[in-house]
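Visitor: Could you put together the complete structure from these sequences and hints?
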Amino acid sequence: MAWNTNLRWRLPLTCLLLQVVMVILFGVFVRYDFDADAHWWTERKHKNLSEMENEFYYRYPSFQDVHVMVFVGFGFLMTFLQRYGFSAVGFNFLLAAFGIQWALLMQGWFHFLEDRYIVVGVENLINADFCVASVCVAFGAVLGKVSPIQLLIMTFFQVTLFAVNEFILLNLLKVKDAGGSMTIHTFGAYFGLTVTRILYRQQPRAEQGETEFCVPVGPLCHDCFNSAISYHGDSQHRAAINTYCSLAACVLTSVAVSSALHKKGKLDMVHIQNATLAGGVAVGTAAEMMLMPYGALIIGFICGIISTLGFVYLTPFLESRLHIQDTCGINNLHGIPGIIGGIVGAVTAASASLEVYGKEGLVHSFDFQGFKRDWTARTQGKFQIYGLLVTLAMALMGGIIVGLILRLPFWGQPSDENCFEDAVYWEMPEGNSTVYIPEDPTFKPSGPSVPSVPMVSPLPMASSVPLVP
Amino acid sequence: MAWNTNLRWRLPLTCLLLQVVMVILFGVFVRYDFDADAHWWTERKHKNLSEMENEFYYRYPSFQDVHVMVFVGFGFLMTFLQRYGFSAVGFNFLLAAFGIQWALLMQGWFHFLEDRYIVVGVENLINADFCVASVCVAFGAVLGKVSPIQLLIMTFFQVTLFAVNEFILLNLLKVKDAGGSMTIHTFGAYFGLTVTRILYRQQPRAEQGETEFCVPVGPLCHDCFNSAISYHGDSQHRAAINTYCSLAACVLTSVAVSSALHKKGKLDMVHIQNATLAGGVAVGTAAEMMLMPYGALIIGFICGIISTLGFVYLTPFLESRLHIQDTCGINNLHGIPGIIGGIVGAVTAASASLEVYGKEGLVHSFDFQGFKRDWTARTQGKFQIYGLLVTLAMALMGGIIVGLILRLPFWGQPSDENCFEDAVYWEMPEGNSTVYIPEDPTFKPSGPSVPSVPMVSPLPMASSVPLVP
Amino acid sequence: MAWNTNLRWRLPLTCLLLQVVMVILFGVFVRYDFDADAHWWTERKHKNLSEMENEFYYRYPSFQDVHVMVFVGFGFLMTFLQRYGFSAVGFNFLLAAFGIQWALLMQGWFHFLEDRYIVVGVENLINADFCVASVCVAFGAVLGKVSPIQLLIMTFFQVTLFAVNEFILLNLLKVKDAGGSMTIHTFGAYFGLTVTRILYRQQPRAEQGETEFCVPVGPLCHDCFNSAISYHGDSQHRAAINTYCSLAACVLTSVAVSSALHKKGKLDMVHIQNATLAGGVAVGTAAEMMLMPYGALIIGFICGIISTLGFVYLTPFLESRLHIQDTCGINNLHGIPGIIGGIVGAVTAASASLEVYGKEGLVHSFDFQGFKRDWTARTQGKFQIYGLLVTLAMALMGGIIVGLILRLPFWGQPSDENCFEDAVYWEMPEGNSTVYIPEDPTFKPSGPSVPSVPMVSPLPMASSVPLVP
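Residue numbers (the numbering used here), protein chains in the order written: chain A, 11 to 479; chain B, 11 to 479; chain C, 11 to 479.
The list makes no distinction among identical chains, and a pair is therefore deemed to hold if it is satisfied within one copy or across any two copies.
Listed below are the simulated SDA-like cross-link pairs for lysine to any residue, each with C-alpha atoms no more than 20 Å apart in a straight line:
1. 274 - 159
2. 369 - 384
3. 369 - 59
4. 369 - 53
5. 184 - 357
6. 55 - 366
7. 184 - 392
8. 392 - 180
The hints are simulated quantities; they were obtained by calculation from the structure and are not laboratory data.
Guide: Quick look at the structure:
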């Protein structure tokens, strides 16, 4: 089908409209949190607090890492696609910029309303980044076949659903999910995969480019993710240790499986990169619990095996049988590890005991015997599982609705043969040698009956010259 | 003109001389700050301070980010130039290494003199990095047509002028400028643009290379910049929130304007990257004030529009009419956003009220009714504007003088046709395929009358092979 | 010689076996440190501690940087090798993942045993990363001619020896080495160089590729390395200042020497990159001592000169005369600067005085007059030198033994003509244009008598087309 991909008026108007609405809503609703307000000085004296006791100092180092990861990291994880680097980085940036504003509002209304204002501090900023991380995950599933307008629409709905789901889990079901195995990764992955299923097209496959610049960003990402919004003190401390251990074990078993499944025992870089992320995701929910270092190793061990098997067997199956095109492998990176994380969290919570946590520790970690009377470790474990199921249901239902909305024909989506093509939406630099620019990709006579022209990138051609005599 | 670009004795002697002088001056003047001195332990016990109450812990996370940004980040922002990547990164490194030493001394004499010693702590390190950031900005304006010796000279003078300007603003005019909109960005940009105007040559245009590796480093950069030297507690906290908001809004409006100005509605990666920096710069001065989150959004909104318009209309105008070659677009990235930031700071300060800040908050933020008697919010606003005007005057005058000094013929500058050419000053690796090495660029018979030889990079040639049949 | 490089069963079994052993040993020995245990809350109330007084907050920002550096940074430092980028990054990742687990155990048994458990907190994590950093340094010496199995074996032995050496230095000789000049850099460099000497082969030289993506990561690396495990407060603070100063001076003198040694005065990027690391290494041992800022400048000054001279004269000499192939120049980056660092530490310790440190400061820094009776600054200096000598002896002896083990023929090492070739152990992406994939490199008829086939990468060929008419 030949859609009009000229976004000259649609995109600017969408962006400006959204931003004007944001300014108005922020003006009406958003104020500084007490710790970020100049009145803090008055109260601080009364309470005899040290300047260090400002929430900022507990969270700032994690915040920086999370924020950079969301704005830049996710985009770069997807630059392995030849001729789609601009879109991967640039669109990720666009959706993050809108998403964090909308997330501050949505999460604010649910969690941070004081009087009639949303009070914003560094914890909100991290939470908004987390919410957007979930959109970034889903972006990995739909990238290549959507326009920036579609991404803004998807971001709007996904952030809304994320906030509702988070409210149900954390406030109604009293679920613990500090690292976001369920709320971020499971939700983002299955929401995105559902949307991409509905947007299914037999487009030319994305060409993979220079994978070697795809950094294994896991260590950067997950130590900070899992400890960023844990409780102060021992919980943040424990989250860092557990993530560190899980990730290490996950790398070793991924290497093992990757080599064992290749007929000459060779390794696949994609599996190794994946391991650095999957290991962190799988320990997300239980990261701040008393999982024990060997427990974290066991989770990493299992996750490395399952996730790598997923890459080899599950991804091709999803595409050929279920028509789910998982270009970036997010099912193996976020979906399966997220489910593992949710289950591990339930088991760990269900086996919490007075002996392991101590009385204050137990109250501090789960709030048993606090406001939750008659609450036991088993109950907590049961509700953790309910949380996982709610998350999956929300992701599937939400994904279907949003997918159908995105199928409407006036969002400027690329035609089938121009999927995964930067030049549709980006002004390409002339001197840029790694990207092939077709004459005018957006105006080619194209339709489902015309065979798609193979788009050859210049470099593989150069290397087809016989090199070894 | 054919200058001698062989720096074999000039560069080594300059570097060694500067370093020996630095060692002597540090020996005579520089000691550790109290918080970095082993005597701290004696005092700490008396004052009953926690180990955490060391200035180090308030500043270290920000310091790390600022330091990496200055040493590495700025250099990488400029690697989009084909065949000038070595110089962009390497020269940035050289000027930073000398600049921070000289800045520690200059800023120390003005601000941190105790007894007869400059006392150095993590705050000085950040301030020195800030000062050098201003030189990095100016480097963006002159790069391609200067030698490393010229850069060292420029650094020497610019750091000196920066310190004088900073002293006038902060100490004499009592101006607030935590994020350095005026002192760093406005000063750096207009100083650099003045110098590049005086060094004007009709050199072959710099070829742009692989922009896709040009990361949008804004989020890394500006959250830390703006909060790094704010006051402890709520001020640092607020600075992070304001920057986060401004940056997000700036991205959306930049996308809007970028798309609206292209005849097919396509986006330009340069504008998007720019937005991530400009939005942070524009909120610099007011970052630690009670700007309110919606205030930050409005600033980002406006800055995204003006800055992108600047790229499209102003940069070509500056080059064709005023002979100001703004290769990296620093006028749009730092100049205009810096002025916006200065004005916003003045307005925000002028509207400070007892109600919004509280008594302690007001004293803590602006020191009204502290040592500044008869000082009102309006006075503060007025002086903020004076500060901006002084900065512009210093940048222009300083730029003219330094530009004239750099025009002297014996600094080893490249000839006109060898501008933007790594091979003039760098030993190029033989196997390096992305850089074209002319036979011997420094000894070509060259003069203003000889037409400049077009230097073709190998890769565009390869891609001129017909690819789609 | 033609070894079998198909690792299909050997590598998976090795990885799985190691990981299972780790899980068991962690289960038997490893528990959370008190500050990371949920019981912390009980004790905290009794002791009336602030939440901020958790060790986590003192170390976390440094830990993040160190961890990223070890997992990702070292690998990327080595990606300058054409066609060996996958191995540099991927193998570094593998050895780090195993190494940190084994290091947590080894260092735990020596230093963190409480009751019969190793208690793990953020300090252990940093120490394990440091230990692995030493393995990464040695990896730089052997890369290109070893298989992943050999790397795992080397990691096992080197971590063990590192822990023994560290125990002798820190616990028996009471040596101070906060930045690890001796324990990390000297040990890692000379261990690796000894191993590579024993594995000597006349393989085709590694081709250097796109150096321009080789970031000068020094600033990222060393500020955090040197302050990460220093004592709280002034020591961490001082370590950051000293490293900052040393690094700056080192860059200036490196530029001077690099230019002076080139016949046209051109600079070499390798020397500049090197300077950013060497300057940090040389100040490692003394970083937390009262070295004074000018002292740090002097060390950087000297190290920049010696290290750059090493690149120009020593590396070729080592290869041609001693058959030590130092591909990455680790002797100049870690070996010599490490020895300089050890000596500087000894001198600085020997000249410690009551006047400079104050009584509490002296006890806090060196523990004189604490449990060490009759201990003077001179004694400390003497033992620092003993520590350096022990380290060198351990590195040489250990290197010989491990080198001989690695020479056994069944570890899957590459044949001589396939050294520095990713395709031996990695499944290469088809679309990847920067890496040349020979038909099947692992099954070529090959032996010492067959002349090695030159492996041409496609890009230099493309650039051999005449470009300037």
